[in-house]
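Q: As you go down the protein sequences, you meet chains A and B in turn. Under the numbering used here, think of the first position of the first sequence as 1, with each following residue one higher. Under the numbering used here, think of the first position of the second sequence as 1, with each following residue one higher.
I should point out that these hints are in silico values taken from the structure, not numbers from a laboratory. Quick reminder that beta carbons are idealized off the backbone N, C-alpha and C, glycines included. Wrong hints could be hidden among the right ones.
[Said to hold, decoys possible] A few chain A residues that face chain B, going by a derived Cβ cut-off under 8 Å, partial list only:
1) Asn-24
2) Gly-43
3) Leu-44
4) Leu-46
5) Phe-63
6) Ala-87
7) Phe-90
8) Tyr-95
9) Gly-96
10) Leu-99
11) Gly-102
12) Ala-103
13) Arg-108
[As the list claims (entries may be wrong)] Simulated restraints on C-beta separations:
14) B:Thr-82 / A:Gly-96: 23 to 33 Å
15) B:Ser-18 / A:Ser-70: 46 to 56 Å
16) A:Gln-45 / B:Gln-29: 19 to 29 Å
17) A:His-82 / B:Glu-106: 22 to 32 Å
18) A:Glu-20 / B:Glu-106: 38 to 48 Å
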Amino acid sequence: AQSVTQPDIHITVSEGASLELRCNYSYGATPYLFWYVQSPGQGLQLLLKYFSGDTLVQGIKGFEAEFKRSQSSFNLRKPSVHWSDAAEYFCAALYGNKLVFGAGTILRVKS
Amino acid sequence: GAVVSQHPSWVICKSGTSVKIECRSLDFQATTMFWYRQFPKQSLMLMATSNEGSKATYEQGVEKDKFLINHASLTLSTLTVTSAHPEDSSFYICSAREDRPTDYNEQFFGPGTRLTVL
């Protein structure tokens, strides 16, 4: 079945520290891959997407993600986290016409 | 960027009543709209896909008579939860997409509606 897995439910990092959020998608043809951020009371905002080509994609707010076909992974990274990055992050894959989301990772930033 | 709004942002209703949630695309024509449901600490689950002027396509396990979707115009879709019960309490999120002849058309998400059924 088509699925997206985010193994970490919660992650806490110190402000200024680096961040990596993990995401794996089910095997098969490489879908389009996305990372979204959801802040309380706000809709999902697209951080970045991968379709093809360069496996390292840059997004907004200083985020980047690396696609690794051999690991079926699309991990999100940021070199230095800011307190305003505290939110919930969703990885998603587009299978055909359908976006399939991971369960989300809640990021807490401690000062 | 494209903006999608939802109204209301939260609603509390009594069991047995019906609730209507609106989803509007404010600055683009939403050829296709999607309705998702999000349970606490869980992912967004697609409920249905609707195209303007045609019947919605429901995902497996979603009761079409329970969750009525109308997409009457290119800027408005509504989700009506009929005869709501406490188990229908959830966070409902819509998204909208303008379908153009390109490889990929982005979905833009609304802020969500929190439904609590007492």
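Q: Hints first: check each against the structure and report whether it holds.
A: Structure-based check of each hint:
1. Asn-24: violated, 14 Å
2. Gly-43: holds, 4 Å
3. Leu-44: Status holds, d = 4 Å.
4. Leu-46: holds, 7 Å
5. Phe-63: Hint violated; Phe-63 (chain A) Cβ to chain B Cβ min 16 Å, cut 8 Å.
6. Ala-87: violated, 13 Å
7. Phe-90: holds, 7 Å
8. Tyr-95: Since chain B brings no Cβ nearer than about 11 Å to Tyr-95 (chain A), farther than 8 Å, the hint is violated.
9. Gly-96: At 11 Å from the nearest chain B Cβ, Gly-96 (chain A) fails the 8 Å test, so the hint is violated.
10. Leu-99: Holds: closest Cβ of chain B sits about 6 Å from Leu-99 (chain A), inside 8 Å.
11. Gly-102: holds, 6 Å
12. Ala-103: holds, 5 Å
13. Arg-108: Violated. Min distance 14 Å.
14. B:Thr-82 / A:Gly-96: 23 to 33 Å: Roughly 29 Å apart at Cβ, these two residues keep to the hinted range, so it holds.
15. B:Ser-18 / A:Ser-70: 46 to 56 Å: holds, 50 Å
16. A:Gln-45 / B:Gln-29: 19 to 29 Å: holds, 21 Å
17. A:His-82 / B:Glu-106: 22 to 32 Å: Since His-82 (chain A) and Glu-106 (chain B) have Cβ atoms about 25 Å apart, the given range 22 to 32 Å holds.
18. A:Glu-20 / B:Glu-106: 38 to 48 Å: violated, 25 Å
Of the numbered hints listed earlier, those contradicted by the structure are 1, 5, 6, 8, 9, 13, 18.
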